[in-house]
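S.K.: Hey, can you work out the whole structure from these sequences and the hints?
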Amino acid sequence: MDKLTKDQKDEYVTSFAALALYDGGADISAEQINTLLEATGNTEVAAFYPIIFSNFLSSDKITQMIVSPVSGGGGGGGGGGGGGGGGDEEEEKEEEEEVEEAPPAVDMFGGDDGGDY
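For what it's worth, the numbering used here labels the leading residue of the sequence shown as 98, then goes sequentially.
It is worth saying that the hints were derived from the structure and are not from the lab. Any given hint could be a false lead.
To be verified - Label pairs and their calculated CB-CB ranges:
no.: 1; residue 1: D99; residue 2: D157; range: 10 to 20 Å
no.: 2; residue 1: E135; residue 2: P166; range: 34 to 44 Å
no.: 3; residue 1: K158; residue 2: E128; range: 28 to 38 Å
no.: 4; residue 1: P166; residue 2: G138; range: 33 to 43 Å
no.: 5; residue 1: E135; residue 2: L101; range: 12 to 22 Å
no.: 6; residue 1: A123; residue 2: A144; range: 25 to 35 Å
no.: 7; residue 1: L101; residue 2: A144; range: 13 to 23 Å
no.: 8; residue 1: E128; residue 2: Q161; range: 15 to 25 Å
no.: 9; residue 1: T140; residue 2: V164; range: 17 to 27 Å
no.: 10; residue 1: S165; residue 2: E135; range: 28 to 38 Å
no.: 11; residue 1: A144; residue 2: P166; range: 19 to 29 Å
no.: 12; residue 1: A144; residue 2: L116; range: 31 to 41 Å
no.: 13; residue 1: A117; residue 2: A143; range: 12 to 22 Å
Beta carbons are placed, not taken as given, at the ideal position from N, Cα and C, and that holds for glycine.
M.R.: Given below as structure tokens:
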């Protein structure tokens, strides 16, 4: 936690407060989040965080985030390769697309007879 910025810490404690209120069955409001932050000694949290989090994190939305699978998000390392041999076809297609013939080159003056300069 020492490597986090103040804003990151504020976001963490506010989200944890909202989750604690959800877990306890309490109303998730800015006032309740502020009360919990004060009770846990997090008194220097920027005032807008509890407001933003209480507007966004309703009990229904938290339930939906917990229950539903995560989609999208950042890149987390790619999955391990497939067990079958179907990957070769895809690689061949990619190589075919990359290999394109360049138009024939002409000299600077538009002639293609290859004369002396």
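S.K.: With reference to the structure, classify each hint as holding or not holding.
M.R.: Now for the hints, and whether the structure bears them out:
1. D99 x D157: 10 to 20 Å: Cβ of D99 to Cβ of D157: about 35 Å, so the range 10 to 20 Å is violated.
2. E135 x P166: 34 to 44 Å: holds, 35 Å
3. K158 x E128: 28 to 38 Å: violated, 19 Å
4. P166 x G138: 33 to 43 Å: The hint (33 to 43 Å, Cβ to Cβ) holds, given that P166 and G138 are roughly 35 Å apart.
5. E135 x L101: 12 to 22 Å: holds, 21 Å
6. A123 x A144: 25 to 35 Å: Violated, since A123 and A144 (Cβ atoms, about 20 Å apart) do not stay within the stated range.
7. L101 x A144: 13 to 23 Å: holds, 19 Å
8. E128 x Q161: 15 to 25 Å: Given a distance of about 24 Å, which is inside 15 to 25 Å, the answer is holds.
9. T140 x V164: 17 to 27 Å: With a Cβ separation near 33 Å, T140 and V164 fall outside 17 to 27 Å, so the hint is violated.
10. S165 x E135: 28 to 38 Å: holds, 32 Å
11. A144 x P166: 19 to 29 Å: violated, 34 Å
12. A144 x L116: 31 to 41 Å: violated, 20 Å
13. A117 x A143: 12 to 22 Å: With Cβ atoms ~19 Å apart, the hint holds.
Of the numbered hints listed earlier, those contradicted by the structure are 1, 3, 6, 9, 11, 12.
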